[in-house]
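Trainee: Below, each chain spelled out in residue letters.
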Amino acid sequence: MHVQLFATCLGDLVFPEAVDDAERLLRAAGHEVEFPPRQVCCGQPAFNAGHRAAARRVARGFARTFSREAPVVVPSGSCATMLSHYLPELLGVEPFEIWELSAFLDANAFAPGPTNEGRRLAYHDSCHMLRELHVAEAPRRLLERSGATVVALPRPDLCCGFGGTFSVRQPEVSVAMADDKLAGARAADALVTADPGCLMQLRGRAERAGGARVVHLATALARGVA
Amino acid sequence: MSPLEQAPQRFRETAAARLGDAHTQQALDTATSRLREARLAAWGLLPDVEELRERGREIRQRTIGDLDRYVAQFAKAFEANGGHVHFAANAEEATAAIRAICRDADARLVAKAKSMASEEIRLNEALERDGLRVVETDLGEYILQLAGEHPVHIIAPAIEKTAEQVAELLGAVEGRELRPELEELTLAARRQLREVFQTADVGITGANFAVCETGSIVLVTNEGNGRLVSALPRVHVALLGVERLVPTTRDLSVLLRLLARSGTGQRLTTYTTIVTGPRREGEQDGPEELHVVVLDNGRSALRRGRYREMLSCIRCGACLNVCPVYRKSGGGAYGPVYSGPMGAVLVPLLVGLEQAPSLPHASSLCGACTEACPVKIPLHELLLDLRRDLVAEGVAPLPERLAFRLWSLAWSTALGYRLSTAAARLGAPLAPRLPGPGRLWAAERALPRLARRRFRDRRRAT
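As given, the protein sequences belong to chains A and B, one line each in that order.
For the first sequence, the numbering used here assigns the number 63 to the initial residue and increments by one for each residue that follows.
For the second sequence, the numbering used here assigns the number 13 to the initial residue and increments by one for each residue that follows.
Derived by calculation from the structure, the hints in this document are not laboratory data.
Beta carbons are placed, not taken as given, at the ideal position from N, Cα and C, and that holds for glycine.
Computed footprint of chain A on chain B, listed as stretches where at least three residues anywhere in the stretch have a Cβ under 8 Å from a Cβ of chain A:
| hint | segment |
| --- | --- |
| 1 | 20-34 |
| 2 | 400-414 |
| 3 | 419-429 |
| 4 | 465-471 |
Construct the entire structure; sequences and hints are all you get.
Mentor: Right, here's the structure in full:
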């Protein structure tokens with residue numbers, strides 16, 4: 063299938079290797095991947111902070127760059143939510159066909175290689191992916207198909223504390239939320255998430271205070287967490 | 013000043029102090045987890061929880077959509093039962109009405125059952141200024157009153173207190189030492205409050221609901237204090253938020269089922285008291301005089317437009333119990349009255365955004381509140397809309413508005429994006445040192461490093 067890859071701003075700027083892994087997975091699944099070169103950002107940072115005019119300005123770039131003729135695959139639960147749930151109304155445009163990466167791979171019955179044989183991995187649900195896209199099983203199934211044992215987090219319903227500008231408006235509470243999430247993953251070899259926002263938050267906290275290794279789902283599936 | 017107003021930094025400062033208190037953190041986790049699990053179990057026992065939630069939502073929206081007519085119907089029925097109706101547009105009018113009732117009754121002692129609306133209008137302070145003794149009879153509220161504090165949870169007001177702290181507070185009343193054990197403490201509270209129930213001149217309660225077709229006030233408690241306060245004193249005053257009306261007893265049954273299951277995980281609370289008129293001839297208990305004070309205080313202004321959804325709230329507390337932010341910050345951060353997601357939405361709506369500008373941002377927008385709400389209020393979307401209003405009304409600080417504007421101008425084209433991220437790469441070492449988001453992030457977290465090459469540049473190179 064011909065798909066359009068949306069890297070997301072965090073993916074492009076901070077986690078390019080995760081986007082690279084996402085592209086490799088899509089190709090391994092037999093898809094033809096197009097990367098619209100003028101893409102930037104979905105506008106979510108401004109939208110969630112209440113700056114609708116700013117969000118609209120940035121989101122328009124997405125609408126100009128992507129086509130409605132082919133699915134758009136996004137290695138980020140929250141950006142996929144922004145694009146599918148909020149962008150059409152924000153801009154007054156027809157919806158695009160938006161897929162979060164793991165939902166897309168799973169829907170097309172993708173079997174990743176045995177990259178995580180014998181690994182115990184915890185999966186962190188990003189809030190938007192869980193509650194707005196209702197994608198919870200696909201990433202876990204893919205991890206299991208890659209050979210991992212998926213261990214349950216004590217409170218999978220709890221947010222990691224990122225929340226966009228929340229992380230800097232309420233830094234103390236935000237960090238405390240991350241600490242709880244990291245503590246819950248202590249028994250696992252790594253904590254896997256499908257959202258670059260959660261990844262930045264949890265990895266940033268773990269780097270400073272110690273704690274689980276935090277890995278993007280695409281990386282875990284493409285290369286394993288070794 | 014309304015107790016709902018709060019300074020911009022209050023949330024962050026109060027929450028940060030709470031985080032350092034290991035006991036509070038433990039208490040918050042235990043209490044909210046227990047209440048959340050109880051709700052999920054109770055919802056699970058229903059044949060079709062979604063159908064019941066949908067019915068609850070429909071009842072609330074129907075009522076709010078035609079509120080004037082329902083208020084009139086309720087008032088007429090309440091008066092026909094022999095009660096007196098007082099309308100209060102704001103806190104001053106409500107406290108004035110209740111002070112006058114107490115004056116006319118020559119009251120000295122007032123027994124109170126739990127009422128968040130009374131916290132909203134600072135009723136106790138107003139009555140105490142008149143020389144009245146006011147005693148809270150809900151156990152949690154009583155403990156807080158002894159401590160000189162305010163509720164931190166709308167249905168479990170004292171969840172942050174330990175048994176030791178409670179033993180000390182109750183022991184001081186009797187001038188003796190109490191063991192921090194459940195039975196000893198509840199017996200002490202019972203001893204202390206019994207005298208209040210028996211001798212109070214006026215009983216003041218809130219109202220969980222009021223039924224329009226019968227003119228009844230409905231009180232839901234687990235301690236029975238609502239029943240004693242409404243039945244024993246000569247005069248009973250119920251303080252009713254105007255939006256808490258329910259058209260029929262049939263509708264009431266739906267909402268009672270949702271309220272108990274969502275609040276505490278019970279099928280019904282231990283006591284459901286339905287007060288229909290004062291004592292009639294031949295009846296053994298009930299007040300000689302019955303009043304209802306119908307409080308608006310900013311509510312009916314919300315009836316039109318986006319935020320009318322918030323008037324559907326039945327104050328069950330389910331959104332607090334699932335909120336990951338409330339779980340860490342505690343209730344005090346949101347102010348002395350309403351807390352958690354419902355408070356973060358309701359308070360700015362009642363007092364205006366400029367009086368509570370940090371509350372719409374006291375959420376990571378995770379959506380757990382929306383998922384838990386028994387009447388399906390889209391709480392996290394309302395928070396998003398309040399944030400939009402903060403910007404549109406110019407309440408958001410100018411530097412923030414400028415920053416987003418500049419950012420969006422740069423990121424509206426691929427060229428601007430490239431240039432701005434190149435500039436950001438140069439400026440990155442400064443980020444943790446300059447005041448702003450970089451420093452706020454970096455205080456306790458590693459700053460994300462911009463990759464040497466962006467994904468698109470790597471891709472082009474291969």
